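Peer 1: Sequence:
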Amino acid sequence: MGVNKSSSVTYGDTASSFLAKRIGDYVAANNDRFQHTKNSLRSTTSNETECHETSEKGFVPVHINYKTFDPKEGPDEGLVPIIFQHGALASIENWGNMPQILADETKRKVYALDARNHGDSEWSEASDRETLAQDLIYFMNTNGITKCILIGHSMGGMSGLLAALMQPAMFEMLFLEDCAVSPLPQKLRDLIPTYLSILQGILSEIPPSIKEEEVRIFVKEKLEKLLPKDPVWLHYPDNKGERKPEQEKIRQLTCTKRHKMFTKNDEKVDISYCEMTKILSDVLYLYETKNVKTRRSQGLPFTIKRNSDGRYSLKTNIAAVVPSFISSWPDPKGAYEGPAFFIYGTNSPHEVYNDKECIKRHFPNAELIPIEGAGHAIHMSCPDEFMGIILKRLKNPQSTQMFQKNKL
1 MGVNKSSSVT
11 YGDTASSFLA
21 KRIGDYVAAN
31 NDRFQHTKNS
41 LRSTTSNETE
51 CHETSEKGFV
61 PVHINYKTFD
71 PKEGPDEGLV
81 PIIFQHGALA
91 SIENWGNMPQ
101 ILADETKRKV
111 YALDARNHGD
121 SEWSEASDRE
131 TLAQDLIYFM
141 NTNGITKCIL
151 IGHSMGGMSG
161 LLAALMQPAM
171 FEMLFLEDCA
181 VSPLPQKLRD
191 LIPTYLSILQ
201 GILSEIPPSI
211 KEEEVRIFVK
221 EKLEKLLPKD
231 PVWLHYPDNK
241 GERKPEQEKI
251 RQLTCTKRHK
261 MFTKNDEKVD
271 ISYCEMTKIL
281 SDVLYLYETK
291 NVKTRRSQGL
301 PFTIKRNSDG
311 RYSLKTNIAA
321 VVPSFISSWP
331 DPKGAYEGPA
341 FFIYGTNSPH
351 EVYNDKECIK
361 RHFPNAELIP
371 IEGAGHAIHM
381 SCPDEFMGII
391 LKRLKNPQST
401 QMFQKNKL
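Going by UniProt numbering, the residue at position 213 of the sequence shown is 213; the numbering climbs one at a time, nothing skipped.
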């Protein structure tokens, strides 16, 4: 069968239409449940002012679950420890073996924390970034940690950088993974309720009979039904059975970094579908990560738990966590003049690079480090590159001086 070469059909039109139909059908089939979820999430934002007032009136600490990782030969007491802070919907386990690898290779003691309302830490109504920043400072004070090196992903990086602005002397160095100083892009905040609705809908469909180690495969298969893995229009070979170079290039982008295919230039499709593709594809891309050596994080970019009835759900207090992300926040005060490395994915919907002016204002010695092709969870999709950046700067203190030449 020949190829329809009509100029009225473009790659973007076909791909976006395919995605729009898949996501639209899925949301429509679960409309009642999704609408209830989105309404309940949005109604919580009406308490945004009250949430900020609570933080201003007084910080109330909660139990923070954490794990420690000691080097095999014991830590060098002359070196400050490293603290890991995960992103929203995640937990300690999402870091995999990275904390132990860093402990062994740097001779430093390493701590990994579950944020409040996540993992095995205590739940509370407060979950704004100011409260999370105070949690970190409180944890350090109560554990005798006068200074640390912070590694924070997304939410954990946002609260970490704010803590560094509050108490600069307590932080020797910052590694901030795909997070910025300013609020999340509005288009991303608008999509968070829908993303959570889709995610919770998928988890609710997991049969109780499925074992925990099989959950990842179940989620993968559901995501694949929402996204065009390899549209047929990319498979028209020439008369020798080979694809043209441009076909192969697009096919590769679709199969391994499929969110690059859906561009904002497609005016015929709602932009939200294009942005939702980035989010959902970012999750699915983690299943296809190649050439990963030993530095691999485990599981999904979110943490789930098995309930008493055998069903699965997010191990996160959604009602408390979501409002802080779909609302805006004021520009923070202060500056941190130490080394701050903003590691970001070039395909991430968080668009960290667009916040460079605000980053420079508060972190004058910041260095923005792009990871080509990576999405939001860099430590999971590109673990070797991520760990390489950190180890290079921790093992060679002089390399931290290089940021003066490369900063923004």
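These are calculated hints, taken from the structure and not from any lab test.
It is possible that some hints are incorrect.
To be verified - Below, in silico cross-link-like pairs of lysine to aspartate or glutamate (EDC-like), each with a Cα-Cα straight-line distance of 16 Å or less:
1. K392 x E105
2. K147 x E172
3. K360 x E214
4. K222 x E205
5. K305 x E172
6. K305 x D120
7. K395 x D120
8. K72 x E105
9. K315 x E337
10. K67 x E125
Unchecked claim - What follows is a set of in silico ranges between Cβ atoms, one per label pair, in the way DEER data are often shown:
11. K220 x K305: 30 to 40 Å
12. E212 x R361: 25 to 35 Å
13. A169 x D309: 46 to 56 Å
14. A169 x E221: 23 to 33 Å
15. A169 x K67: 37 to 47 Å
16. D120 x S209: 37 to 47 Å
17. G388 x H63: 14 to 24 Å
18. K220 x A169: 40 to 50 Å
19. S204 x H63: 20 to 30 Å
20. P364 x T142: 22 to 32 Å
Nothing here was measured: the structure is a model prediction, and the numbers come from that model.
Beta carbons: idealized from backbone N, C-alpha and C, even for Gly.
Peer 1: Hint by hint, say whether it matches the structure.
Peer 2: Each hint, compared with the structure:
1. A C-alpha spacing of about 11 Å is found between K392 and E105, which places the hinted pair at or below 16 Å, so the restraint holds.
2. Distance hint between K147 and E172 is fulfilled; the C-alpha atoms sit about 6 Å from each other, no more than 16 Å.
3. Using a Cα cut-off of 16 Å, the hinted pair K360 and E214 is violated, with the two alpha carbons roughly 44 Å apart.
4. The hinted pair formed by K222 and E205 meets the criterion: a straight-line CA distance of about 10 Å does not exceed 16 Å.
5. For the given pair, K305 sits about 35 Å from E172 by alpha-carbon distance, which is inconsistent with the 16 Å threshold.
6. Using a Cα cut-off of 16 Å, the hinted pair K305 and D120 holds, with the two alpha carbons roughly 11 Å apart.
7. Restraint check for K395 and D120: the C-alpha separation of about 32 Å exceeds 16 Å, so the hint is violated.
8. At most 16 Å may separate the alpha-carbon atoms for a hinted pair to count; K72 and E105 meet this at roughly 9 Å.
9. The suggested pairing of K315 with E337 is violated, with an alpha-carbon distance near 36 Å, which exceeds 16 Å.
10. A C-alpha spacing of about 24 Å is found between K67 and E125, which places the hinted pair above 16 Å, so the restraint is violated.
11. The hinted window of 30 to 40 Å between K220 and K305 is violated, with their beta carbons roughly 19 Å apart.
12. A hinted range of 25 to 35 Å for the beta carbons of E212 and R361 is inconsistent with their spacing of about 45 Å.
13. Between A169 and D309 the beta carbon distance is about 49 Å. The supplied range of 46 to 56 Å therefore holds.
14. About 50 Å separates the C-beta atoms of A169 and E221, a value inconsistent with the hinted range of 23 to 33 Å.
15. As the Cβ distance of A169 to K67 is approximately 26 Å, the hint placing it in 37 to 47 Å is violated.
16. Between D120 and S209, the C-beta spacing of about 26 Å breaks the proposed range 37 to 47 Å.
17. Taken as a hint, the range 14 to 24 Å is violated for the pair G388 and H63, whose Cβ atoms sit roughly 35 Å apart.
18. Taken as a hint, the range 40 to 50 Å holds for the pair K220 and A169, whose Cβ atoms sit roughly 45 Å apart.
19. Between S204 and H63 the Cβ separation comes to about 29 Å, which falls inside the hinted range of 20 to 30 Å.
20. Between P364 and T142 the C-beta distance comes to about 31 Å, which sits within the given range of 22 to 32 Å.
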